[in-house]
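Peer 1: Each residue of the sequence shown is one higher than the one before, starting from 4 at the first, in my numbering.
Derived from the structure by calculation, the hints contain no laboratory data. The model shown is predicted, which means the values in this text are computed figures rather than measured ones. Among these hints, one or two may not hold up.
[Claimed, not checked] Pair ranges (Cβ atoms, derived):
1) L322 with M247: 20 to 26 Å
2) Q44 with R424: 52 to 58 Å
3) S112 with M247: 25 to 31 Å
Virtual Cβ for every residue (Gly too), placed ideally from N, Cα, C.
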Amino acid sequence: MTDRDDRLQFYALYLTRFAEGFGFVTLLTLLPTYINTLDPQATTVLGVTISAGFVIGLYTTGFTFAQTVAVVPLAWAGDRFDKRSVLLWTLGVGAVVYALFPVVDSSLSFILIRALQGVAVTGAGLMSLSLVGQLADVGTRAHHIGRANAASFAASILGSLSAGAIYDALGFDPIFTIIVAMMAVAWAGLYVYLDADETRVEGFPFSDLALNRKLLTITSFRFQYAFAVTMVRTWIPIYAGTTMAAGGLGVAGLAVAVTVAIEKGTNMVGQLFTGRLSDDYGRALFVFCGGGGYGLVALVIPFAPEVGAALGVPASLPLLGETPPAYLPLVGLSGLLGAVDSFREPASMALFADEGTDDGGVASSFGIRELVWRPGSVVGPMLAGWLMVEVSMDSVFYVGGAFAITGVLAFLAILLNDYGRRALTAW
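Could you put the whole structure together from the sequences, leaning on the hints where they help?
Peer 2: Here is the structure:
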């Protein structure tokens, strides 16, 4: 196989990451709009009252619960059969799912379609990352994963900005037409340029990888960090876009999109460099610094109004109109979250790819990575929704930040026990 063939395969996978990221972030950006439009209310099921905050949590948890259910069968199928075929199938399902979003007319239909989206996103994410990790050499693995993630974040920036602007001008339907077309182009690129996956793993590689020492160590961090990222990343646009009566800033759709785009932008730029650095200097230090920094920044978010008032930020901004004093500090903190997380992400992913490739089950290794994330991503939004309604908007960020801090401290404690002074540079 020539270098040109390899490049075309990577480019096809990067395009897939772009399409997947575009669709995912569009729904994230429009989430506060759906909350305002569908106006979830408390309801009673079998005599049990479900609060509006719990229903809001289900807007995200329906998606993540479906992801949880889909991880093991999709990862097993990827290792046992052809990852390319599984990727093509899930990408096709994704195109159908996005075509269904314009028919949403209730909280129930939104939650159900979001669940289908969760299956499609999981399959596309697992297979595309597994193939990138499998095609790359160990010395360039984090670099290629960083570039794949950068493609996803580039789509996230374009998706968040265009979703807010198009919705404000034309409503929901044109947004999803664009997403479906993008998914179709990515599918065609994979079909033409990506070679069939000839690796086959017999048995059930999850059982062997579950006892891998390095994976167990990073799991001590990742399990807790999932709560932090799911709560903080999801609730920044909710904080920006929901009404002031609900504890938010009440800014327009385009202003919400900017808060999402800035986080994706700094993460995208960072990963173009941090992936290569973690290839050269090891993984653990980057995971520790990125995760710890994320927690510290999250704890500052509730102070955005005070920061804005102290700095005397303008009350009106070009294109965005009137904004409260907390808005610009929130944008800055969102960008800082992306920057610190860019240190963690390619290093963490490359570690899972390293161990999966060595033990013969790269899709299952990424599957374990996803499974460890699921408890936090399922329970986190429900907890955040309850905190938002019953306690305060600020409490969401305090609790989310605390999860990140305890996660990196647990990670460091295990590394110190295993490696002593070499803890953060051992791998």
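Peer 1: Output the numbers, in ascending order, of every earlier hint that fails for this structure.
Peer 2: none
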